[in-house]
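Trainee: What follows is the residue order along each chain.
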Amino acid sequence: MCPVYCETVSQRLNGPVRTPDEERALAGAARAGDHDAFAGLVRLHQRRAYLVARSILTVHEDAEDALQDGFIRAFQALDRFDVSQPFGAWLNRIVANAALDLARRRKLRTTEELSDALQSPFHDPAESAELRGRLGEALAELPERARSVIVMHDVEGFTHVEIGEMLGIPGGTARSDLHHARQKLRGLLRDLRGG
Amino acid sequence: MTDQPRFPNSAGRNPANRDALEEPVIGLIRDAYLPPVPASQSSQYWELLESRIMSGVRGAGGVVDVRWWSVLGGWAQTGLVAAAAIFALASLISNRLTAGEPQFAYESVMPDAAESLSVPAELILTSDRSTQNDAALSYVLSH
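Residue numbers (my numbering), protein chains in the order written: chain D, 1 to 195; chain P, 1001 to 1143.
Think of the hints as simulated: they come from the structure by calculation, not from any bench.
Note that beta-carbon positions come from the ideal geometry of N, C-alpha and C, so glycine has one too.
Any given hint could be a false lead.
[Said to hold, decoys possible] Straight-line C-alpha distance at most 20 Å; calculated DMTMM-like pairs for lysine to aspartate or glutamate:
1) Lys184(D) - Glu1022(P)
2) Lys107(D) - Glu61(D)
3) Lys184(D) - Asp1019(P)
4) Lys184(D) - Glu1023(P)
[Unchecked claim] Computed list of chain D residues with no C-beta within reach of chain P, every gap over 10 Å:
5) Phe38
6) Ala39
7) Asp69
8) Ala103
9) Lys107
10) Thr110
11) Gln119
12) Gly136
13) Gly168
14) Arg182
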């Protein structure tokens, strides 16, 4: 079923895939039904896509569920993917949609739950546990979208336009959200320090 | 091309971005949003997650031709199917009722159509029989 071309792509999967051409080749092969090629795309994009899902859902287990759902949706919609476009941007929009869908279905998390979800048990021992705790509390206090925007932009480096496309808002709104989120986070951290 | 986190210094990337958070704060946020696994087991974690994703992809089947109704949720699709079934049933019933209407209308105008048809036939038969009898009587009388 799959042409020789697909075998060539699959053989490359053990090595790092770095060029747009190689990614395009993987996407083309995956679209033809090559699961190994799609696994290559998963390997390539899962970390950033995880952060997209986690920035929206906050809770690690929810982010994993949304990530898997997003990749499945992407695989099933590959025939509509334009291989001339970056696969990552297309995938991240799908994963963000899956995360937003899951967020709508899930019950609202309490501030305590969110704060706990941001307290990683594995951390740099040089960091103050107290500081991490305060930051977790401050992030949990932020409105959902503000939290997503600040993580996507300041941690992962997505542009306002990219964030807008993922969250279904104009790029200008993402920019404004980011500004307010930073101000609010600063204020919360100041209050926590003061308290 | 790779999805390795970029961990940018936002202020450095964009000088106009004056309200950027301090780098230590960004570092703490980044750590909080990493998967909760020890750094030494990070590679294994991503390999396991890749396996989980791919098992889901294989289980979900191949490329799906997405149509306009697939944007509807599961219940909306069920509702759409139910509405289509009700419409089909209503159409069937309506057709049956309207098909009977001309016959009903005819019968209401001609209450006993069969009877009204049989009378002339009987008359004709009777008439034929009497003609035959008359002919026979005339033949007997003439001889």
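Trainee: If a hint holds in the structure, say so; if it does not, say that too.
Mentor: Status of the hints after comparison with the structure:
1. Lys184(D) - Glu1022(P): Holds - the C-alpha atoms of Glu1022(P) and Lys184(D) are around 14 Å apart, at most 20 Å.
2. Lys107(D) - Glu61(D): Judged against 20 Å, a Cα distance of about 14 Å means the pair holds.
3. Lys184(D) - Asp1019(P): holds (12 Å)
4. Lys184(D) - Glu1023(P): holds (17 Å)
5. Phe38: violated (6 Å)
6. Ala39: violated (5 Å)
7. Asp69: Violated, since 8 Å does not exceed 10 Å.
8. Ala103: With a cut-off of 10 Å, Ala103(D) remains clear of chain P, as the shortest Cβ separation is near 15 Å.
9. Lys107: Non-interface label stands for Lys107(D): nearest chain P Cβ at 18 Å, farther than 10 Å.
10. Thr110: Correct as stated: the minimum Cβ-Cβ distance to chain P is 17 Å, above 10 Å.
11. Gln119: Violated: least Cβ distance 8 Å, not greater than 10 Å.
12. Gly136: violated (6 Å)
13. Gly168: Fine: 14 Å to the nearest Cβ keeps Gly168(D) off the interface.
14. Arg182: violated (5 Å)
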